[in-house]
Amino acid sequence: MPQAVQEQVRLPFAIAVGVVLQGIRIRLGRSLVTITGVVLGLAFLMSILTGQMIKTGVRAEAELRTDVRRMVNTMSSEIGPLKDRRIHLVQEGELEVREYRLLEALRREGVHFVGAGEGVTAVLVVGTAEPPTPESTRLVFTTRVSAREGVRSLQYQPSAEELAIQQQREREARTRTVWILAVSLLVTVIGISNAMLMSVTERFREIGTMKCLGALSAFIREIFFIESSIIGLVGGLVGSMAGALVAIVVYGLSFGLGRVWEAISWGTLGGYFFVSVLAGLVLSVVAAIYPAQFASRMVPAHALRANV
Amino acid sequence: MNQPATAQYENLFKPPAQGEPACVIRAVDVKKVYRMGSVETHALRGATLDVYKGEYLSIMGPSGSGKSTLFNMIGALDKPTSGKVYIDQVDIAQLNHNELAWLRCRKIGYIFQTFNLIQVMTCLENVTLPMSFAGLDDETARDKAVYLLRLVGLGHRLLHKPAELSGGQQQRLAIARALANSPEIILADEPTGNLDLKTGEEMIELLAALKEKLGVTIVSATHDLKMLKRSDRILWIEDGRIVRMARPSEVDFNSGEFR
Ligand SMILES: Nc1ncnc2c1ncn2[C@@H]1O[C@H](COP(=O)(O)OP(=O)(O)OP(=O)(O)O)[C@@H](O)[C@H]1O
Ligand SMILES: [Mg+2]
Chain A
21 MPQAVQEQVR LPFAIAVGVV LQGIRIRLGR SLVTITGVVL GLAFLMSILT GQMIKTGVRA
81 EAELRTDVRR MVNTMSSEIG PLKDRRIHLV QEGELEVREY RLLEALRREG VHFVGAGEGV
141 TAVLVVGTAE PPTPESTRLV FTTRVSAREG VRSLQYQPSA EELAIQQQRE REARTRTVWI
201 LAVSLLVTVI GISNAMLMSV TERFREIGTM KCLGALSAFI REIFFIESSI IGLVGGLVGS
261 MAGALVAIVV YGLSFGLGRV WEAISWGTLG GYFFVSVLAG LVLSVVAAIY PAQFASRMVP
321 AHALRANV
Chain B
403 MNQPATAQYE NLFKPPAQGE PACVIRAVDV KKVYRMGSVE THALRGATLD VYKGEYLSIM
463 GPSGSGKSTL FNMIGALDKP TSGKVYIDQV DIAQLNHNEL AWLRCRKIGY IFQTFNLIQV
523 MTCLENVTLP MSFAGLDDET ARDKAVYLLR LVGLGHRLLH KPAELSGGQQ QRLAIARALA
583 NSPEIILADE PTGNLDLKTG EEMIELLAAL KEKLGVTIVS ATHDLKMLKR SDRILWIEDG
643 RIVRMARPSE VDFNSGEFR
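So the protein sequences, as listed, match chains A and B. Be aware that the first sequence starts at 21, since it is given in my numbering, and climbs by one per residue. Be aware that the second sequence starts at 403, since it is given in my numbering, and climbs by one per residue.
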């Protein structure tokens, strides 16, 4: 009695993963080419993001330095030479980065910070409670402890005109960044889809054979998605790391590694890294949808003849 | 001799089994047209045939006559343009994807004209693949694959890739793979085409033994005289039509004609 036709069993996920890993290992050269496509795309994306961050950081650092220098200059013009001055430091609250840097700069200028007492010729109040109003005395000093309390804000207040220019520049920079990001994303998408399509088309015949031997369409689809996830993940990790590294090195060469190092916000960099790897994964899987559908729906006899 | 009418086939050739003919494969007026742009190729122009359980059917025909196309049709690898194919009395057009996959995996063993081995896998893995599709556990599959590969004389090539094998060795690997899930039907497209006399004979013996001991049904496209002589029936196909059918005893193999 002939055995009645049944439904083919679905293979466990582990078998599909095994088949994929084996395929990747055996086709290592080819797999590397595919992964390189993904790596390049994401390295590009990540280097743009990191570079943007470094540039912003370096610029912010430069602005901070200018600000601090300006404050030191204002101070010395108010109270005279700073060398060996004894200044009474009053801390009203937590310090801002700017204030830390000012204190550092003053110490470098030769200021001694002391408690109230002998020889104090000025008082410096820092860490005033937030938020600062235009009149608030974020950083104040008095030239004399006892007598006239000549209070003056050390913060530099840009004029309305300067403010408008600065805002305009920021807007332009933001537009430019969005453009660069869009282009780099596009490049990434094209790179990844191309890599995925190549790795799929070169295997139509193999897939056809598998279908002839009883592989389910679902299995074929699974294989493609597993493979594209692995390629996306590995390519994403390597590419993102390479991209960040390239940006750091390139900007390090022009700005100096130290300044670049200071400018990096590791939290933001981590965020970018996560986004970039995720983008690689998602894009790879998305790029595999069409080829996977196509391959899984192929008539076995046609797939067998496909010669790519 | 004129081309016999379709209905006469069954009367003309009684199946080897006793009682009612158990028809494993039945093709009814199968046509296949390949369309490439505006060009139409009529690969099959209405083929009708019955394959009985446990018989050894050979198919002969010139190149391009539609042998491989016929295999694809009766092997459930492609859909006919018109006509019906039944496997074990089931119209395969009625089967869903999963059932077709089951059929291809368990019921039929294919030996392709172009081998279609998976190049990235070793001989062993090529043979175990259909078994894992069938849900067999790894160890059993490996043991069986080793046994089958020894059977076809590739016991010393277990971990080689198909590309590292000779044409004949690849053909034997394809034969071993076709036997992986102990199919009831073997469809072999020129299974001895690349084999030397001795190896070819061994493979013919192997197929004959499968047929005799296990009742496996074998359909094979061949021009190999030894194979033709071992078969129960020989079928001629020309330009997409089945033009003749005969028992080997009725054929004069020197001229390729009927006695
Ligand atoms: N996928 C296809 N697309 C277009 N035409 C095809 C296709 N497959 C086969 N043909 C055509 O159909 C006809 C029959 O081909 P088939 O492969 O069945 O011949 P065959 O008898 O197996 O020949 P051979 O002995 O050379 O293997 C040929 O004319 C061939 O060109
Ligand atoms: Mg052929």
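It should be emphasised that the hints constitute simulated quantities derived from the structure, not laboratory data. Everything numeric in this text was worked out from a predicted model, so none of it was measured. Hints may be right or wrong, so weigh each one.
Partial pick of chain A residues on the chain B-facing surface, computed with a CB cut under 8 Å [stated by the list, open to error]: (1) A34; (2) L41; (3) G43; (4) C232; (5) A235; (6) M318.
Where a beta carbon is used, it is the ideal one built from N, C-alpha and C, also for glycine.
Verification of the supplied hints:
For A34/A, the interface hint is violated, since its Cβ never comes within 8 Å of a Cβ in chain B; the closest pair sits about 10 Å apart. The closest approach between the C-beta of L41/A and any C-beta of chain B is roughly 12 Å, which is over the 8 Å cut-off, so the hint fails. Given the 8 Å rule on beta carbons, the hint for G43/A holds: about 6 Å separates it from the nearest Cβ of chain B. About 6 Å separates the beta-carbon of C232/A from the nearest beta-carbon of chain B, less than 8 Å, and the hint is met.
With 8 Å as the threshold, the beta carbon of A235/A comes within range of chain B, its nearest partner Cβ sitting at about 6 Å, so the hint holds. Checking M318/A against chain B by beta carbon gives a least distance of about 11 Å; that is not within 8 Å, so the hint is violated.
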